[in-house]
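Between the sequences and the hints, there should be enough to build the whole structure, so can you do that?
The listed protein sequences derive, respectively, from chains E and P. If you read the first sequence in the numbering used here, its first letter stands for residue 1, the second for the next number, and so on. If you read the second sequence in the numbering used here, its first letter stands for residue 1, the second for the next number, and so on.
The hints are simulated quantities; they were obtained by calculation from the structure and are not laboratory data. Honestly, I wouldn't trust all of these hints.
Said to hold, decoys possible - As a list, the in silico SDA-like pairs of lysine to any residue whose alpha-carbon atoms are at most 25 Å apart:
hint, chain 1, residue 1, chain 2, residue 2
1, E, Lys468, P, Pro30
2, E, Lys151, E, Leu175
3, E, Lys448, P, Arg47
4, E, Lys410, P, Lys23
5, E, Lys171, P, Lys144
6, P, Lys22, E, Ser446
7, P, Lys51, P, Thr26
8, E, Lys586, E, Glu278
9, E, Lys551, E, Glu459
10, P, Lys144, E, Thr464
11, P, Lys23, E, Thr464
12, E, Lys593, E, Arg225
13, P, Lys58, E, Glu459
14, E, Lys586, E, Ala621
15, E, Lys593, E, Asp458
16, E, Lys448, P, Leu52
17, E, Lys448, P, Arg252
18, E, Lys151, E, Ile23
19, P, Lys145, P, Glu218
20, P, Lys315, E, Arg225
21, P, Lys283, P, Pro270
22, E, Lys171, P, Lys58
23, E, Lys151, E, Pro122
24, P, Lys22, E, Asp458
25, E, Lys410, P, Thr26
26, P, Lys283, E, Lys151
27, P, Lys283, E, Gln276
28, E, Lys448, P, Thr143
29, P, Lys315, E, Lys551
30, E, Lys483, E, Asp432
31, P, Lys315, E, Lys468
32, P, Lys315, E, Leu347
33, P, Lys23, E, Leu347
All of these numbers come straight from a predicted model, not from anything done at the bench.
Listed below, chain by chain, are the residues.
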Amino acid sequence: MVSPNTPETPGGAAAPSAAPRSIHDVVIRLAGNSQDGIQSVGGFLARLAGRSDQDVMTYMTIPSTISGGPSIFQVRMGTGDILSSGDRADMLVAFYQHSYDAHISSLRPGGVLLYDSDHVTPVEGDNRFTQIAVPITSGTVEAVGGAGKDKGKNIYILGLIARVFDLDVQKLAALIKERFGGKNEDIVRNAMLAFDAGYAWPQNNLHDLFYRFEAIDLATRASGRPQVTMDGNQALAYGLLAAGVRHGAGYPITPWSSIMETLRTELPKYGGLFVQCEDEIAAISTAIGFSYTGHLAITGSAGPGLSLKMEALGWATMAEMPLIVVNVQRGGPSTGMPTNVEQSDLLQAIYGSHGDTPRVVLSPKNVEDCFYIAMDACRIARTYSTPVIILSDMALASRIEAFDEPDFPKLMVDPKADLSDRGADFKPYPLDAITRHAPPGSKIGSGKYPTVTGLEHDELGHPTGSSKLHTQMTAKRREKIKKLGASLPSPELNGDSSGEVLLVTWGSTWGPALEALKRINTAGVTGGHLHLRHIHPLPDGLDDIFNRYRKIVVAEINDEGLYGFGQLAMMLRARYANPAIVSVTKTDGLTFKISEIVAGVARHIESAQLDASLGVAQPSALAKN
Amino acid sequence: MSSPTLVSPPTPAITTAVPLTKKILTADHPTWCPGCGDFAVLASFYRVLEKLQYPHEKIVTFAGIGCSSRFPYFVNTHGGHYIHGRALPFAAGISLGNDDLHVFVFGGDGDGFSIGGNHLVHTARKNVNLTYVIMDNSVYGLTKKQTSPTSPIGFKTKTDPTGAIDQPINPMRTLLNTGATFVARSHATQVNHMVEMMTRAAKHPGFSVVEILSECVEFYAGAFDSSIPRKGGTWSLIQEKKNDGTPEDADRHDVTDEVAAFKLAGQAWPGSFGVFYENNVRKTKNVLEAELVTKARERTKNATDLQLLQATFAKMR
Numbered sequence: 001m002v003s004p005n006t007p008e009t010p011g012g013a014a015a016p017s018a019a020p021r022s023i024h025d026v027v028i029r030l031a032g033n034s035q036d037g038i039q040s041v042g043g044f045l046a047r048l049a050g051r052s053d054q055d056v057m058t059y060m061t062i063p064s065t066i067s068g069g070p071s072i073f074q075v076r077m078g079t080g081d082i083l084s085s086g087d088r089a090d091m092l093v094a095f096y097q098h099s100y101d102a103h104i105s106s107l108r109p110g111g112v113l114l115y116d117s118d119h120v121t122p123v124e125g126d127n128r129f130t131q132i133a134v135p136i137t138s139g140t141v142e143a144v145g146g147a148g149k150d151k152g153k154n155i156y157i158l159g160l161i162a163r164v165f166d167l168d169v170q171k172l173a174a175l176i177k178e179r180f181g182g183k184n185e186d187i188v189r190n191a192m193l194a195f196d197a198g199y200a201w202p203q204n205n206l207h208d209l210f211y212r213f214e215a216i217d218l219a220t221r222a223s224g225r226p227q228v229t230m231d232g233n234q235a236l237a238y239g240l241l242a243a244g245v246r247h248g249a250g251y252p253i254t255p256w257s258s259i260m261e262t263l264r265t266e267l268p269k270y271g272g273l274f275v276q277c278e279d280e281i282a283a284i285s286t287a288i289g290f291s292y293t294g295h296l297a298i299t300g301s302a303g304p305g306l307s308l309k310m311e312a313l314g315w316a317t318m319a320e321m322p323l324i325v326v327n328v329q330r331g332g333p334s335t336g337m338p339t340n341v342e343q344s345d346l347l348q349a350i351y352g353s354h355g356d357t358p359r360v361v362l363s364p365k366n367v368e369d370c371f372y373i374a375m376d377a378c379r380i381a382r383t384y385s386t387p388v389i390i391l392s393d394m395a396l397a398s399r400i401e402a403f404d405e406p407d408f409p410k411l412m413v414d415p416k417a418d419l420s421d422r423g424a425d426f427k428p429y430p431l432d433a434i435t436r437h438a439p440p441g442s443k444i445g446s447g448k449y450p451t452v453t454g455l456e457h458d459e460l461g462h463p464t465g466s467s468k469l470h471t472q473m474t475a476k477r478r479e480k481i482k483k484l485g486a487s488l489p490s491p492e493l494n495g496d497s498s499g500e501v502l503l504v505t506w507g508s509t510w511g512p513a514l515e516a517l518k519r520i521n522t523a524g525v526t527g528g529h530l531h532l533r534h535i536h537p538l539p540d541g542l543d544d545i546f547n548r549y550r551k552i553v554v555a556e557i558n559d560e561g562l563y564g565f566g567q568l569a570m571m572l573r574a575r576y577a578n579p580a581i582v583s584v585t586k587t588d589g590l591t592f593k594i595s596e597i598v599a600g601v602a603r604h605i606e607s608a609q610l611d612a613s614l615g616v617a618q619p620s621a622l623a624k625n
Numbered sequence: 001m002s003s004p005t006l007v008s009p010p011t012p013a014i015t016t017a018v019p020l021t022k023k024i025l026t027a028d029h030p031t032w033c034p035g036c037g038d039f040a041v042l043a044s045f046y047r048v049l050e051k052l053q054y055p056h057e058k059i060v061t062f063a064g065i066g067c068s069s070r071f072p073y074f075v076n077t078h079g080g081h082y083i084h085g086r087a088l089p090f091a092a093g094i095s096l097g098n099d100d101l102h103v104f105v106f107g108g109d110g111d112g113f114s115i116g117g118n119h120l121v122h123t124a125r126k127n128v129n130l131t132y133v134i135m136d137n138s139v140y141g142l143t144k145k146q147t148s149p150t151s152p153i154g155f156k157t158k159t160d161p162t163g164a165i166d167q168p169i170n171p172m173r174t175l176l177n178t179g180a181t182f183v184a185r186s187h188a189t190q191v192n193h194m195v196e197m198m199t200r201a202a203k204h205p206g207f208s209v210v211e212i213l214s215e216c217v218e219f220y221a222g223a224f225d226s227s228i229p230r231k232g233g234t235w236s237l238i239q240e241k242k243n244d245g246t247p248e249d250a251d252r253h254d255v256t257d258e259v260a261a262f263k264l265a266g267q268a269w270p271g272s273f274g275v276f277y278e279n280n281v282r283k284t285k286n287v288l289e290a291e292l293v294t295k296a297r298e299r300t301k302n303a304t305d306l307q308l309l310q311a312t313f314a315k316m317r
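Dropping the structure here:
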């Protein structure tokens with residue numbers, strides 16, 4: 001395969017001498033500075049994988065400062081399910097000495113170090129890796145010329161990667177043109193020059209590195225719909241649109257902001273609107289105001305903003321107003337680690353309030369699930385007239401994955417508000433049924449118009465100091481959430497249905513846990529993996545599942561707390577009083593590595609095989625035989 | 001903001017419309033202390049609704065927390081009672097969520113100028129179409145006499161037993177500063193004046209606010225005597241410009257003149273009453289958002305929601 005406009009390069013771009021070696025998947029880590037455009041290389045690769053029916057997952061760290069500073073983008077692409085962004089890289093592309101110094105340890109033994117020989121001097125004679133010196137900077141300058149200096153070296157590297165992994169150059173060129181096509185033609189031309197130069201870099205310098213991904217078994221992708229590639233925040237925003245949400249309000253905070261940006265841009269096209277408010281409290285208040293008019297609305301934030309919204313959330317529980325609250329979690333408390341991942345807002349989401357406020361808390365397991373959890377949240381909010389909190393996290397928000405396009409014709413929800421007349425017997429807060437509000441604009445047959453209120457109230461919404469009514473209404477608010485719990489499907493259970501160990505996870509820890517389970521099983525330990533999307537209320541039947549395993553290991557990205565248990569582990573112990581429930585936690589601001597989960601499980605169970613497996617380094621798929 | 005695609009068609013009327021009367025509009029009996037100024041505000045509000053005859057189901061009465069914020073329970077319309085200080089952003093959601101509605105927000109000086117001060121600024125700045133009535137009694141009454149943001153220096157409360165020492169807010173100057181497009185001031189002892197001010201505020205397109213001095217007989221009796229003639233005070237009405245070419249018209253107040261409004265706001269206590277400022281030129285957020293929708297819909301050539309989402313996802317393949 002040759003680039004459509006590859007220049008003639010001496011000794012260059014002819015087909016490599018050896019046949020490509022087949023690989024299942026590869027983890028490529030690009031390390032440079034944030035202005036080098038390495039995210040866009042990752043973006044191109046991710047979208048290419050999506051268009052090639054391959055699976056893909058990305059992982060990125062961006063410094064929280066405004067510009068500059070070291071930055072990485074890691075992409076894992078391959079055939080079949082890609083569950084995590086990969087513990088360690090098979091290929092490291094190092095743009096600078098600091099990139100090399102900081103990330104060489106992330107390279108698997110036998111992996112490929114590709115470094116910019118204009119900036120990096122690697123340790124001499126390091127034969128753990130295949131080292132390839134590429135004059136990335138001077139090669140780009142030479143190819144592009146002009147005043148752009150080394151701008152475009154990201155695309156140069158993209159060309160080189162396309163060559164090594166035998167990627168579809170036509171599709172990549174199309175992506176580059178789409179990406180830069182809106183700008184002037186020079187930019188597209190320069191990008192293609194850089195790409196071709198990278199692609200044509202003399203093949204004999206590549207030490208015969210030449211790979212091809214395993215053929216795709218299309219039967220595993222039976223949806224018949226093409227794949228789309230996006231990050232979790234986009235998936236969540238579009239899930240809300242499909243679910244009929246047309247109104248929202250928010251305040252900027254990392255990593256939530258891109259959801260509100262998407263909605264502010266998209267909603268007017270759908271006849272809706274998104275209001276940027278003066279603060280978090282105004283944002284949730286405006287959103288509840290929208291919901292009151294019959295339009296289920298969304299607000300969102302990160303952890304600190306959720307704290308600010310708590311009083312209003314209490315009102316929404318008391319007044320039984322449907323509402324979607326997204327919390328894209330980051331490292332806390334306070335400003336904490338605003339561009340890192342953590343799952344430390346669980347207890348805040350479930351319990352962080354004044355008074356008795358039975359909450360609904362959901363969490364998506366991957367980028368695709370961000371779309372579906374948004375739809376589920378809207379269904380629950382409408383059916384049970386309640387606020388629903390979606391706990392996403394920084395990892396899901398910023399990483400790109402490919403997934404099957406949703407079946408929109410089947411999924412679309414009608415966004416219309418119901419302003420029909422209410423009968424003479426209308427009560428906003430009936431004791432014997434779930435609340436159904438009458439939005440303003442709807443006529444009330446009795447002529448007695450309802451009030452929605454944060455005061456304890458009677459069935460018509462009028463304030464009461466009655467002890468009996470407070471008891472009854474508290475039960476009404478609790479029972480409807482219990483009813484929801486009883487209606488929930490059994491959670492996803494993978495692996496052995498009984499055995500030594502059950503891994504329990506929530507949120508973005510799903511993928512690494514599933515891979516960890518494979519390793520645990522391979523080491524001869526029987527075990528399963530239970531993943532919770534509905535965290536509060538919990539689905540029924542978990543106690544029966546727990547009883548089938550000797551240890552229940554809950555893995556989550558938060559602190560073990562004063563008593564040695566992470567937040568979900570603590571809640572499960574309180575709920576099931578099962579001493580077999582133990583905890584694996586961490587607070588380094590990064591997603592779980594598979595090896596960390598396996599090591600965590602090994603600490604809690606006695607298995608010599610599992611302990612032995614921990615010391616074995618996983619060689620890179622790119623290693624020479 | 002109303003969009004034809006977002007609201008189900010109205011069902012036929014249950015009964016033929018009957019005129020709104022005080023009897024129909026009366027709900028729970030007020031919980032206020034006997035003699036409270038808020039009773040007169042409530043009575044005036046019934047008269048406003050009797051005058052305006054909006055469709056009953058399209059009136060919304062909303063409030064935050066405080067004595068005056070109990071208001072919605074006493075008016076038989078759609079409405080609600082929210083949390084302290086945040087009624088305005090909630091009401092903004094109501095107004096922008098359904099532009100057909102007539103949204104009235106009631107609250108006190110603590111709700112509006114203290115805990116909700118920032119919301120006042122931003123709801124006004126955005127010119128959301130709603131009417132806000134601040135019943136100012138210069139004291140926290142519901143919590144039984146603490147200093148409020150409008151308590152004068154020297155006023156003794158449970159939180160300032162030797163007298164308030166912090167500079168109080170000048171409500172009119174604050175309201176003018178927010179960019180509110182209709183700013184008026186009235187007095188709970190002047191029912192006809194309150195009715196006139198609230199009626200004009202209701203008719204104003206945009207964010208309209210009326211501050212009403214409403215005495216707390218329990219914790220700050222006599223607070224506003226200096227503007228009550230039968231108690232020896234002066235009732236100073238703003239004379240609005242009539243543009244009739246007469247020499248006396250030159251001295252009358254031009255309600256569109258912001259500088260003149262600020263001058264009035266700077267008068268010594270008890271100051272003047274009436275419309276300080278009115279701006280009918282600035283577009284409301286309701287209109288601006290509807291324009292965004294119209295433009296966006298034109299660009300999409302009125303595609304259906306399904307077509308829009310499918311087209312967006314096609315670009316992400």
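Evaluated hints:
no.: 1; hint: E:Lys468 <-> P:Pro30; verdict: 23 Å, holds
no.: 2; hint: E:Lys151 <-> E:Leu175; verdict: 18 Å, holds
no.: 3; hint: E:Lys448 <-> P:Arg47; verdict: 19 Å, holds
no.: 4; hint: E:Lys410 <-> P:Lys23; verdict: 50 Å, violated
no.: 5; hint: E:Lys171 <-> P:Lys144; verdict: 73 Å, violated
no.: 6; hint: P:Lys22 <-> E:Ser446; verdict: 17 Å, holds
no.: 7; hint: P:Lys51 <-> P:Thr26; verdict: 15 Å, holds
no.: 8; hint: E:Lys586 <-> E:Glu278; verdict: 35 Å, violated
no.: 9; hint: E:Lys551 <-> E:Glu459; verdict: 47 Å, violated
no.: 10; hint: P:Lys144 <-> E:Thr464; verdict: 21 Å, holds
no.: 11; hint: P:Lys23 <-> E:Thr464; verdict: 23 Å, holds
no.: 12; hint: E:Lys593 <-> E:Arg225; verdict: 32 Å, violated
no.: 13; hint: P:Lys58 <-> E:Glu459; verdict: 22 Å, holds
no.: 14; hint: E:Lys586 <-> E:Ala621; verdict: 28 Å, violated
no.: 15; hint: E:Lys593 <-> E:Asp458; verdict: 52 Å, violated
no.: 16; hint: E:Lys448 <-> P:Leu52; verdict: 20 Å, holds
no.: 17; hint: E:Lys448 <-> P:Arg252; verdict: 45 Å, violated
no.: 18; hint: E:Lys151 <-> E:Ile23; verdict: 32 Å, violated
no.: 19; hint: P:Lys145 <-> P:Glu218; verdict: 9 Å, holds
no.: 20; hint: P:Lys315 <-> E:Arg225; verdict: 14 Å, holds
no.: 21; hint: P:Lys283 <-> P:Pro270; verdict: 33 Å, violated
no.: 22; hint: E:Lys171 <-> P:Lys58; verdict: 56 Å, violated
no.: 23; hint: E:Lys151 <-> E:Pro122; verdict: 23 Å, holds
no.: 24; hint: P:Lys22 <-> E:Asp458; verdict: 24 Å, holds
no.: 25; hint: E:Lys410 <-> P:Thr26; verdict: 47 Å, violated
no.: 26; hint: P:Lys283 <-> E:Lys151; verdict: 45 Å, violated
no.: 27; hint: P:Lys283 <-> E:Gln276; verdict: 18 Å, holds
no.: 28; hint: E:Lys448 <-> P:Thr143; verdict: 30 Å, violated
no.: 29; hint: P:Lys315 <-> E:Lys551; verdict: 46 Å, violated
no.: 30; hint: E:Lys483 <-> E:Asp432; verdict: 13 Å, holds
no.: 31; hint: P:Lys315 <-> E:Lys468; verdict: 57 Å, violated
no.: 32; hint: P:Lys315 <-> E:Leu347; verdict: 38 Å, violated
no.: 33; hint: P:Lys23 <-> E:Leu347; verdict: 49 Å, violated
Violation of the numbered hints given earlier is confined to hints 4, 5, 8, 9, 12, 14, 15, 17, 18, 21, 22, 25, 26, 28, 29, 31, 32 and 33; the remaining hints are satisfied by the structure.
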